[in-house]
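Chemist: Letter by letter, the chains look like this.
There are 2 protein chains.
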Amino acid sequence: MRITKDKCVYSFSCDHEPACRVMAPAQITLETRDCYSDQLRGGTGNPEIQWDHVNPATGPVFVEGAEPGDTLKVTIDAIDVADFGVACNEDEIRLLSVEDGCADFLGRFKIPLNKMIGVIGVAPAPEEGAVNNATPGRHGANMDEKLIGEGAVLYLPVFTEGALFGVGDVHAIMGDGEVGGTGLEIPADVTVTLEVIKGWQLEWPLVETEEVFAMVVSKETLDEAVDEAVLQMHGFLKSRMAGSGLTDEEIYVLMSLVGQTGISQIVDPLKTARFVFPKKYIHA
Amino acid sequence: MRITKDKCVYSFSCDHEPACRVMAPAQITLETRDCYSDQLRGGTGNPEIQWDHVNPATGPVFVEGAEPGDTLKVTIDAIDVADFGVACNEDEIRLLSVEDGCADFLGRFKIPLNKMIGVIGVAPAPEEGAVNNATPGRHGANMDEKLIGEGAVLYLPVFTEGALFGVGDVHAIMGDGEVGGTGLEIPADVTVTLEVIKGWQLEWPLVETEEVFAMVVSKETLDEAVDEAVLQMHGFLKSRMAGSGLTDEEIYVLMSLVGQTGISQIVDPLKTARFVFPKKYIHA
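Note that the protein sequences, when read in sequence, are chains A and B.
Position in the first sequence (first residue = 1) + 46 = our numbering.
Position in the second sequence (first residue = 1) + 46 = our numbering.
Hints in this document: simulated from the structure, not taken from any laboratory.
Please note: incorrect hints may appear among the correct ones.
Identical copies go unnamed one by one, so any copy, or any two together, can satisfy a pair.
[To be verified] List time: in silico SDA-like cross-link candidates among lysine to any residue, alpha-carbon distance up to 25 Å:
| hint | residue 1 | residue 2 |
| --- | --- | --- |
| 1 | Lys156 | Gln306 |
| 2 | Lys53 | Gly291 |
| 3 | Lys156 | His329 |
| 4 | Lys265 | Leu316 |
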């Protein structure tokens, strides 16, 4: 199934009409606009940009059978990006061409792509109302987390019937923090497989790659986000390592030795941090 | 030259008597105690530990010719660790044996070492008085930055005559953040080459490896530390890339795409963050 980019929303909300309905497990491809809704195409100076039309997420997808208390398991099968992207700082708008897995930086050098998804999430709990796509949270959205790339699996807590999944704001390149407020913003086709895990959920989004688990938490400050990510990972590891014979304190020691705190982004309305733990030590 | 571990201080201060004097460039080996001054040797329960004798730094080394306004260039030639280390959480004290580049975690699995230096610095400016080794700052000290390992070069601003360099708190293993407050704390022999760069200094410590530069900043909050590290790196890159033809805004865009914010530690009296930039884009 393919969902075209005209079917998009600027917030995550349980009140949005679904763009489509799927029966899980389902593989779907979502066409995404860049974070500026494809309005910027190079040059200097502010074009007549509609600022209420930024950070579009294609969707929302109603996943049959997904209910509050469940988890939506999203496998990122592919991110196929366009042959150009936009990078901005203040009123400098730069169009970068993309070829052979690299972007051309102003004719000076090539930068290898690290394709990842900026905005990916589900509808938040009804009491939160509509949350603008720019703001990350327990429901995902604008986490700007580099690990959410091809091959990764994202576990999102479901807060409303059908989950109402959406995705957008793909970056062909982005560094941890997105410190200048821009990645290489790029239109893309994102192919995902959606599955529902019944009756299990975590408090925050969790990313799984071949090597690691990463808890991804968004808060007012980085300090709060990091502390919460550490706490949540400790809880997750306690349940996963229940048969290991390690005490709670020994799990903390292990996290201190081989776990890595990291910064997803520092430029959105809330800041996002991750705590990464290598899978090889969980079942060792 | 070899400096034995009995010659140590618990603070960085321009008032300390030098343990030795060297003429730069000088290669010296400093024997270091672990952060508990080698007082913990396994078991459970609090031993009679002298808490005013933690985080010892071997030294200080008076470097002839180093003056305020200069930079002390410290090349980490080697970190030779003992065959056991200590990892603690609350009153759980675990002794881990080290062999063939790995530590044995409670008999369950082996963890590869990532040897790094926790405390490394110079005397702060006279008006700051004596700063306990536990507290990181512009003068270095307890930055707990993983990149400060074998082969790395650390540039420290000099604030007092002779610089008064010291080093301690080696970790055989530590994750970004040191979230449980412990690395694999280990006695070591640290061999460094000290050089003086006259008339040039940065505001904060800078680490250079084969691949990257990293600005290392310590502040009350992670948010402040990250912001300052980004700002300082931008200033450093502006000077290094003056001939590149890139505008200040384009350098910010490049930092946003290929620069990486990171977390050194979140457990000391001030928190430490880094901003990492790949060297290959500086002279491209």
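Chemist: With reference to the structure, classify each hint as holding or not holding.
Modeler: Here's how the hints hold up against the structure:
no. : hint             : verdict
1   : Lys156 to Gln306 : between (29 Å within a copy, 18 Å between copies)
2   : Lys53 to Gly291  : neither (50 Å within a copy, 42 Å between copies)
3   : Lys156 to His329 : between (40 Å within a copy, 13 Å between copies)
4   : Lys265 to Leu316 : both (5 Å within a copy, 20 Å between copies)
Checked against the numbered hints given earlier, the structure breaks only hint 2 and satisfies all the rest.
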